[in-house]
Amino acid sequence: MKTVWNLIKKEYLLFWNDKVSVSLTFLVPAVLIVLFGYIFGGSGNSASGIDLAFLNNSNSKIADKIESTLDTTKTFHIIKTYLNNEGKQVKFDTVSIKDFVKKGNASAALVVPEDAYSDTAFGLKLKFYYNPRNEMEMQIIQGLLQQTVMTQIPELFNSSLTRRSEDFLGKQKSKSFNKSIATLISKYFGVDTSKILKDGYFTFGVGDSTGNDTTSKGAAKFFSSIVKFDKEQLVGKDVNNPNVTRSIGGYAMMFLLFSITASGASLFEEKQSGVTLRILTSPVSRMHILWSKYLYNISLGVLQLFAMFLFGFLFFNIDIFSNFLNLFIVIISASAACTAFGMVLAAFSKTQAQARGLGTFLIITMSAIGGAWFPTFFLPSFIQTISKLTLVYWSMDGFMKVLWEGAGFMEILPIVGVLLLIAAIVNVASIWGFKRGDIF
Amino acid sequence: MISIQNITKKFPSVTALDDVSLEIKEKEFFGLLGPNGAGKSTLMNLLAGYLDSDSGEILIDGKIISSNNLEVKKKIGLVPQSLALYEEITAQENMEIFGSLFGLEKSSLRYAIAEKLNMVGLFDRKKDKVQTFSGGMKRRLNLAASILHDPQIVLCDEPTVGIDPQSRNAIFDYLEKLNEAGKTIIYTTHYMEEAERLCSRVAIIDFGHIISMGTMQQLIDSLEFKQTITIDKNYETERHTSLFKSFGLLTDHENNYELMPTDGLKLSSFFTAMEESGISYSSINIKKPSLESLFLNLTGRSLRD
Chain A
0 MKTVWNLIKK
10 EYLLFWNDKV
20 SVSLTFLVPA
30 VLIVLFGYIF
40 GGSGNSASGI
50 DLAFLNNSNS
60 KIADKIESTL
70 DTTKTFHIIK
80 TYLNNEGKQV
90 KFDTVSIKDF
100 VKKGNASAAL
110 VVPEDAYSDT
120 AFGLKLKFYY
130 NPRNEMEMQI
140 IQGLLQQTVM
150 TQIPELFNSS
160 LTRRSEDFLG
170 KQKSKSFNKS
180 IATLISKYFG
190 VDTSKILKDG
200 YFTFGVGDST
210 GNDTTSKGAA
220 KFFSSIVKFD
230 KEQLVGKDVN
240 NPNVTRSIGG
250 YAMMFLLFSI
260 TASGASLFEE
270 KQSGVTLRIL
280 TSPVSRMHIL
290 WSKYLYNISL
300 GVLQLFAMFL
310 FGFLFFNIDI
320 FSNFLNLFIV
330 IISASAACTA
340 FGMVLAAFSK
350 TQAQARGLGT
360 FLIITMSAIG
370 GAWFPTFFLP
380 SFIQTISKLT
390 LVYWSMDGFM
400 KVLWEGAGFM
410 EILPIVGVLL
420 LIAAIVNVAS
430 IWGFKRGDIF
Chain B
0 MISIQNITKK
10 FPSVTALDDV
20 SLEIKEKEFF
30 GLLGPNGAGK
40 STLMNLLAGY
50 LDSDSGEILI
60 DGKIISSNNL
70 EVKKKIGLVP
80 QSLALYEEIT
90 AQENMEIFGS
100 LFGLEKSSLR
110 YAIAEKLNMV
120 GLFDRKKDKV
130 QTFSGGMKRR
140 LNLAASILHD
150 PQIVLCDEPT
160 VGIDPQSRNA
170 IFDYLEKLNE
180 AGKTIIYTTH
190 YMEEAERLCS
200 RVAIIDFGHI
210 ISMGTMQQLI
220 DSLEFKQTIT
230 IDKNYETERH
240 TSLFKSFGLL
250 TDHENNYELM
260 PTDGLKLSSF
270 FTAMEESGIS
280 YSSINIKKPS
290 LESLFLNLTG
300 RSLRD
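These protein sequence lines are chains A and B, in that order. Per numbering that gives the first Met the number 0, residue 0 is the first one in the first sequence, and the count goes up by one each step. Per numbering that gives the first Met the number 0, residue 0 is the first one in the second sequence, and the count goes up by one each step.
It is worth saying that the hints were derived from the structure and are not from the lab. Backbone N, C-alpha and C define an ideal beta-carbon position, used for all residues, glycine too. If a hint is listed, it holds; no wrong ones were tucked in.
Each computed BS3-like pair below joins lysine-lysine, with the alpha-carbon atoms no more than 30 Å apart:
no.	chain 1	residue 1	chain 2	residue 2
1	B	Lys125	B	Lys137
2	A	Lys186	A	Lys170
3	A	Lys292	B	Lys74
4	B	Lys128	A	Lys292
5	A	Lys270	B	Lys125
6	A	Lys292	B	Lys137
Each pair of labels, with its calculated beta carbon distance range:
no.	chain 1	residue 1	chain 2	residue 2	range
7	A	Ala423	B	Phe171	46 to 56 Å
8	A	Ser298	B	Asn68	28 to 38 Å
9	A	Ala423	B	Asn67	18 to 28 Å
Make the full structure from the sequences, and use the hints.
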């Protein structure tokens, strides 16, 4: 037994001294548990800060109420203006709001048309424009939006109808009318009259014209069927196999990061074997090695990403060729950023094992918060801000723009710019790291 | 001609070389002898242009060698202490990679590869992956890859570590042939036998300082004693060791004691004392002083400490 105990102690000693194993055993799962906890466990906020373009063309009180409700909700970040060609913020109109969504500046738009509601009409019409680049996100947006609208408008309908009833019958007679109707229902259907009046199950003209809460609950059930959302998908209608088109970029990036990190970490292997020494005693400088590694990894990244998209084309009929040039530009930019990431890991790690362990941790974290696995709006707002600092976020954005929206060069230019900026900054850091580190 | 002038190289925790100066002549087989951590490899890495010194300079034919002077690096071939090879590819592919870095054209590279692989007896295995080679074969390939570009100076940093005597002798033969062919060879080791066999001149280095330098004979002649005496470890009492110490510097080895006699010791008086103490003559050996003895005499430590 003592022998077994000593062997167990040996295992623990080796385990604790292997920082990679320790981090993969505890740190990576801990981070993932926290992230998933935020999303599914309710530890953080529910969906928040979703960009929603909004245009109110109606003069009705209902439209104003919807607008003010949306203005105060945390679920949506309401956008009512856009930057025009002259660089000025101007209010949306029915054309520009659709363009705004088409360009991917917001996932969806809600328009309250001029004829959304009138005193003579019975019902509410809303227009909903959307870009389902993320199916899960879109379903949640629609659900949340309907919920938000539904909880607000019934009471307004109710107050409106009450007002019309009072105008027609007079206040006293209107109340008497409602009471009579309730008594009849009670008589023939065996329901308590006071309950009908109190809970607002029968609502026409019941309550007062302020639309208080006692009536809205029952009213919501009644009116939920008469609010009409005219939905129009603006982008991606013709995309083949939308689900795979949406997801391929995220997974391609994750695996690219793994292979580039391994390649960057191979610098340690070469150093340990003495190959780096041999190479550097030939007519080769350290910058030659860094440049060769960098360009090799970019080319490897381009090949890997292209191969993945080609598989997508061959097996899932994803259209990669109709906008191929722009796809290629995003692929190169994403590879450049990934390579910089792999190199900076190598530059600041002390050993190959450390580079691999740190790489695994960062790749999984970046993929999770960058949107490769689930929409970022699930995450708390501070993590959503951090996610915009990850190359996974921008790469995925680029792939979606190109494959989903068929974006042209000028539209992807900001994304390409961000990716190349990330690559440049990280490269400067890695060169500094290589100079002060001891890998060379 | 290699001129090392007042070289100092410091690392965060240690000064590896401290104001080292020496000159190595063309076509010389020069040995750098010292224990682990003495500064030998640092000096080799500076000579090869892998590291840059903190102060001082190294001139090769009047040109300063540094990590950025790529032209001068072409004159040098470093045989690293480690097996600096890609194990997962073939011997020929390794040679092609390293040869191409020296700018060898395809045809001359092919010729050079065949010549060097033949020289180290690996031509028939050129298509085999390095990972299938024995330790000795890898060492030979390690050497061949370093001289592919026909360098004027060959730096050998303990090139025989961990191999069998047969492969070691083979490497010695190749190096001697290279030296005969006019190459300057600088060889580091902590094995005195290697330095004694190969080197015409030796510098002994310890703690970053050159503590002695000269031909083998000059170094041996510089010793106060002309013989060393070994005594088998059959006599380990304090009385015996005190007696031994009265005749000179005594060092304790695994199987015997080694005595470096004080100047002017008469062997007759030593043997008389041994006889009186009951020590058998068969336990005593008289030897010519070795580099090991020299190092011990200079530093009070063994080369392998």
